[in-house]
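K.L.:
Residue-level listing of the chains:
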Amino acid sequence: MTAPTPATGTPRPTRPRRSPFVALSLLAGVVFTLYCAAPRPLGIGVDLGAIASNLTRGREIIAQLLRPNFAFFPRTVTPLIETFQMAVVACLIGCAVGLPLAFLASRVTAPGRWTLTIDRWVLNVVRALPDLLYALIFVAAVGIGPLAGVLALIFFNIGVMAKLLSESTDAVDVGPVEAAMAVGASRTQMVRSAVFPQVLPNYVAYSLYIFELNIRASTVIGIVGAGGIGNVLNTQMKFFNFSNVALVVLELFLLVLLIELASVSLRRRLV
Amino acid sequence: MSVAATGTLPHRPGRPTHLRRDLLFIAVIAVFLWSLVNLGLRLDRLIELPGKLLGIMEAMFLPPDWAYVDVALPEMVVSLQMAWIGTLIGAVLSLPLGFFAAHNVSPRPVSAAIRLLLDGIRAFPEIVLAVVIFVPIAGLGPYAGALAIGIHSVGTLGKLTAEAIESIDSGPVEGVRATGASGLQLQRWAVLPQVLPEVVAFWLYRFEINVRAAAVLGVVGAGGIGSLLAQTLNYGRYSKTGLAIIIVVVATLLVDQISGRLRRRVIDGPGSAGPDAAQEIVDPALVLAEGAPRPIALRPS
Amino acid sequence: MIRFDRVSVTYRGGVHALRDLTLEIPDGQFVVMVGLSGAGKSTLIRAINGLVPITSGSVFVDDQDVARASGRELRRIRASVGMIFQGFNLVKRASVMDNVLMGRLHSTPGWRSLLGRWSAADLELGFEALERVGIVDKAWVRASDLSGGQQQRVGIARALAQQPHIILADEPVASLDPPTSHQVMRDLKRINEELGITTIVNLHFLDLARVYGDRVIGLRGGELVYDGTGAAADDGAFRDIYGRSLTAEDVLETPAA
Numbered sequence: 029m030t031a032p033t034p035a036t037g038t039p040r041p042t043r044p045r046r047s048p049f050v051a052l053s054l055l056a057g058v059v060f061t062l063y064c065a066a067p068r069p070l071g072i073g074v075d076l077g078a079i080a081s082n083l084t085r086g087r088e089i090i091a092q093l094l095r096p097n098f099a100f101f102p103r104t105v106t107p108l109i110e111t112f113q114m115a116v117v118a119c120l121i122g123c124a125v126g127l128p129l130a131f132l133a134s135r136v137t138a139p140g141r142w143t144l145t146i147d148r149w150v151l152n153v154v155r156a157l158p159d160l161l162y163a164l165i166f167v168a169a170v171g172i173g174p175l176a177g178v179l180a181l182i183f184f185n186i187g188v189m190a191k192l193l194s195e196s197t198d199a200v201d202v203g204p205v206e207a208a209m210a211v212g213a214s215r216t217q218m219v220r221s222a223v224f225p226q227v228l229p230n231y232v233a234y235s236l237y238i239f240e241l242n243i244r245a246s247t248v249i250g251i252v253g254a255g256g257i258g259n260v261l262n263t264q265m266k267f268f269n270f271s272n273v274a275l276v277v278l279e280l281f282l283l284v285l286l287i288e289l290a291s292v293s294l295r296r297r298l299v
Numbered sequence: 254m255s256v257a258a259t260g261t262l263p264h265r266p267g268r269p270t271h272l273r274r275d276l277l278f279i280a281v282i283a284v285f286l287w288s289l290v291n292l293g294l295r296l297d298r299l300i301e302l303p304g305k306l307l308g309i310m311e312a313m314f315l316p317p318d319w320a321y322v323d324v325a326l327p328e329m330v331v332s333l334q335m336a337w338i339g340t341l342i343g344a345v346l347s348l349p350l351g352f353f354a355a356h357n358v359s360p361r362p363v364s365a366a367i368r369l370l371l372d373g374i375r376a377f378p379e380i381v382l383a384v385v386i387f388v389p390i391a392g393l394g395p396y397a398g399a400l401a402i403g404i405h406s407v408g409t410l411g412k413l414t415a416e417a418i419e420s421i422d423s424g425p426v427e428g429v430r431a432t433g434a435s436g437l438q439l440q441r442w443a444v445l446p447q448v449l450p451e452v453v454a455f456w457l458y459r460f461e462i463n464v465r466a467a468a469v470l471g472v473v474g475a476g477g478i479g480s481l482l483a484q485t486l487n488y489g490r491y492s493k494t495g496l497a498i499i500i501v502v503v504a505t506l507l508v509d510q511i512s513g514r515l516r517r518r519v520i521d522g523p524g525s526a527g528p529d530a531a532q533e534i535v536d537p538a539l540v541l542a543e544g545a546p547r548p549i550a551l552r553p554s
Numbered sequence: 429m430i431r432f433d434r435v436s437v438t439y440r441g442g443v444h445a446l447r448d449l450t451l452e453i454p455d456g457q458f459v460v461m462v463g464l465s466g467a468g469k470s471t472l473i474r475a476i477n478g479l480v481p482i483t484s485g486s487v488f489v490d491d492q493d494v495a496r497a498s499g500r501e502l503r504r505i506r507a508s509v510g511m512i513f514q515g516f517n518l519v520k521r522a523s524v525m526d527n528v529l530m531g532r533l534h535s536t537p538g539w540r541s542l543l544g545r546w547s548a549a550d551l552e553l554g555f556e557a558l559e560r561v562g563i564v565d566k567a568w569v570r571a572s573d574l575s576g577g578q579q580q581r582v583g584i585a586r587a588l589a590q591q592p593h594i595i596l597a598d599e600p601v602a603s604l605d606p607p608t609s610h611q612v613m614r615d616l617k618r619i620n621e622e623l624g625i626t627t628i629v630n631l632h633f634l635d636l637a638r639v640y641g642d643r644v645i646g647l648r649g650g651e652l653v654y655d656g657t658g659a660a661a662d663d664g665a666f667r668d669i670y671g672r673s674l675t676a677e678d679v680l681e682t683p684a685a
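Chains as they are written, first to last, in the numbering used here: chain A, 29 to 299; chain B, 254 to 554; chain C, 429 to 685.
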């Protein structure tokens, strides 16, 4: 490969060795997948045959799911409103508390090394717990009802908002930050005047995203008694009233759609 | 620099009013207050909360039931496996669907229809998919959970993939097309290389989310750590719950860290997955002198 | 008065930005600093308001030791030192007035700065600063909607709003075209003469240095290699500072042939 060719006199370069990283990770991925798909108790027991043999049943269910029962609507109104209200309260409180925590977790705005590290780890732990777990804990602490749900969502929201916003804050233009330091502003003043205006569009976008997440979460936390439409959904599923289930899903879909439309127009107005 | 002929300074403009913005603000506050009052939250319970919470925390973590690890760890593994298979299903199905849903790659009616399909799928919470469709088909257990997670992920991943494809540079596409490549080749050689890093990053982020979803599905019978959490809490065996929570947190944090590094590596190329330079406090003057490090921008799913 | 007493600055990685520098700048002087990139101009200027930590020696601003000042003292020193940047460093999404009034932050109580409700006195100062640089009609315009020259004037107004003793300008005209550059330099000169504010300007362009600099300081490799008037700074002097002959990039406007 390195003998010079008579015409040009320069040796042909050998093809550079591809980094083994990609090949290794693909191999690891395949092996891990096989492990996961293995029959129980080693893996989860992927069984393609089961899908094939139950396909007709599946088709029937899906057919029912695509035919919402609109007569069921009145029974869903109050729980839906409760879901909406829970989301509003939890979103506003969670996003408000998450704001300062985000600034403590960003290397641009944190007051010191220790605060930064501790805050980031605390937030990582808070985010590691699924919303349902918070719901379970708060139901155990304050009993069933929307209070548990609101509290659970607040904790969940704080984690999500603080993480997302701190990442946005890490990416701000530091020029205005330098200017704020140069005029003798305190750290809080610097955050408020130089950083916050830059991340405001992101803050609004994340808040709306969190609001949407809360609406979706209501299906889950209602199941454990934390209020909202989830309870209704759970009952209907237990009684195999799939058309009623379909209606609830449709309502949630429309609600989420409305929120997405509102967020698009709001963001356009704000930017 | 317009000094008027009479020698007076130019007029100082008045402060602008932001009527729309202020009204919106007031409306939001109003909705908040209405919601708060109308929910009828039990304030007496709220007052008991710190005490009750402390009691529960104490029962859970001082000390947790360490022996329970024999039961909890395998179940966590099951949840992880559920999340992995589910994410894999989602990734594999969403890639072609993403192409079909992209407006710049596929004809309008097709892309619009597929987009609608993806939104429809996303509308179904994993819980519903699991309990209603996949448990009847595949029986109770993590397989049904994986299927539910997988199909739900297709909705989100498909949409994100389509958006990534729509934001590519058309230059390379034209270049490849000019060599006479066919449709499929065009996708493979001009489009795919541009979007692949971003898409793989989405898959990894989705895996992080699905690990949490897998834990949640356990509560409704899909097995895994979720079932343990629900059981132990319902029966008041808080020290076992505490252990299970620790396992969940550690596992999730590990997954987040590994996935985070892989995502950085995929987006930024080799050499960027090292110890986090992003932990240092930023000194703007020095940063400006040396050039700011680029953090990862990631859209929420 | 600004006093540098055997100041050295070494960055992580071993870069010696300033070497054993001693310098005195009396009140009210208009100083221009020239030198190649990396010669230490930016570092010197940022050592005055403590944006860059020094490795050894002392920097005194009005007899206060900058490097050893506590947090609150440092902020007080910085409040009396205005700074103008090459990239303007404005908050793009905010209005011109909000940017200018950042200069009043040091004397603004917490709740006011948090809510963005400026006092009437501060607004008055803001308007005056804008009038002095001639863009008061843009007071409520979004900063990013202005041209480069206008944005730099907002930067100057922000510094003026501080009612500073000293103004530092780090390559204030490097991003601007020739006519605008002259306008900005004239504004700075005028402010120095009318208000008696000590002004230190880092410049890239030697013709500007010659025209506007009462005193010209040349840095090379972190050391002082020239200290004289602008008029006396001829091509030979610049060759000493730069270590090479002048090129077209070193002047703002090539003279007509």
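Hints should not be assumed to be uniformly reliable.
Stated by the list, open to error - Computed from the model, here is a short list of chain A residues facing chain C with C-beta under 8 Å: (1) Pro-102; (2) Arg-103; (3) Val-105; (4) Thr-106; (5) Ile-109; (6) Ala-124; (7) Pro-128; (8) Ala-199; (9) Gly-203; (10) Glu-206; (11) Ala-207; (12) Ala-208; (13) Ser-214; (14) Ser-221; (15) Asn-230; (16) Asn-259.
To be clear, the hints were calculated from the coordinates, so they are not data collected in a lab.
This structure is a prediction, so every number in the text was calculated from the model and none was measured.
In this text, a Cβ means the ideal position worked out from N, Cα and C, and glycines have one as well.
K.L.:
Indicate, hint by hint, whether the structure satisfies it.
P.N.:
We went through each hint and held it up to the structure:
A cut of 8 Å between beta carbons decides the hint on A/Pro-102: the least distance to chain C is about 45 Å, and the hint is violated. The restraint placing A/Arg-103 at the interface with chain C is violated, with a minimum CB-CB distance near 45 Å, outside the 8 Å limit. Taken as an interface hint, A/Val-105 does not check out: its beta carbon lies about 39 Å from the nearest beta carbon of chain C, beyond 8 Å. Look at A/Thr-106: its Cβ only gets to about 38 Å from chain C, farther than 8 Å, so that hint breaks.
The interface hint given for A/Ile-109 is broken, as the beta carbon of that residue sits about 33 Å from the closest beta carbon of chain C, more than 8 Å. Among the interface hints, the one on A/Ala-124 is violated; its C-beta lies about 13 Å from the nearest C-beta in chain C, farther than the 8 Å criterion. Annotation: A/Pro-128 was flagged as interfacial toward chain C, and the flag is violated, the nearest CB pair being 11 Å apart, outside 8 Å. For A/Ala-199, the shortest C-beta to C-beta distance to chain C is roughly 14 Å, which exceeds 8 Å, and the interface hint is violated.
Here the hint on A/Gly-203 is kept, as its CB sits about 4 Å from the closest CB of chain C, short of 8 Å. The beta carbon of A/Glu-206 comes within 6 Å of a beta carbon in chain C, closer than 8 Å, and the hint placing it at the interface holds. For A/Ala-207, the interface hint holds, the least distance from its beta-carbon to any beta-carbon of chain C being 4 Å, beneath 8 Å. Satisfaction of the interface hint for A/Ala-208 is found here, the shortest Cβ-Cβ separation to chain C being roughly 6 Å, below the 8 Å cut-off.
Interface restraint check: A/Ser-214 against chain C, minimum CB-CB distance 7 Å, threshold 8 Å, status holds. About 5 Å separates the beta-carbon of A/Ser-221 from the nearest beta-carbon of chain C, less than 8 Å, and the hint is met. Against a cut-off of 8 Å between C-beta atoms, the interface hint on A/Asn-230 is violated, since the closest Cβ of chain C lies about 12 Å away. Proximity of A/Asn-259 to chain C is violated relative to the hint, the smallest CB-CB distance being about 41 Å (cut-off 8 Å).
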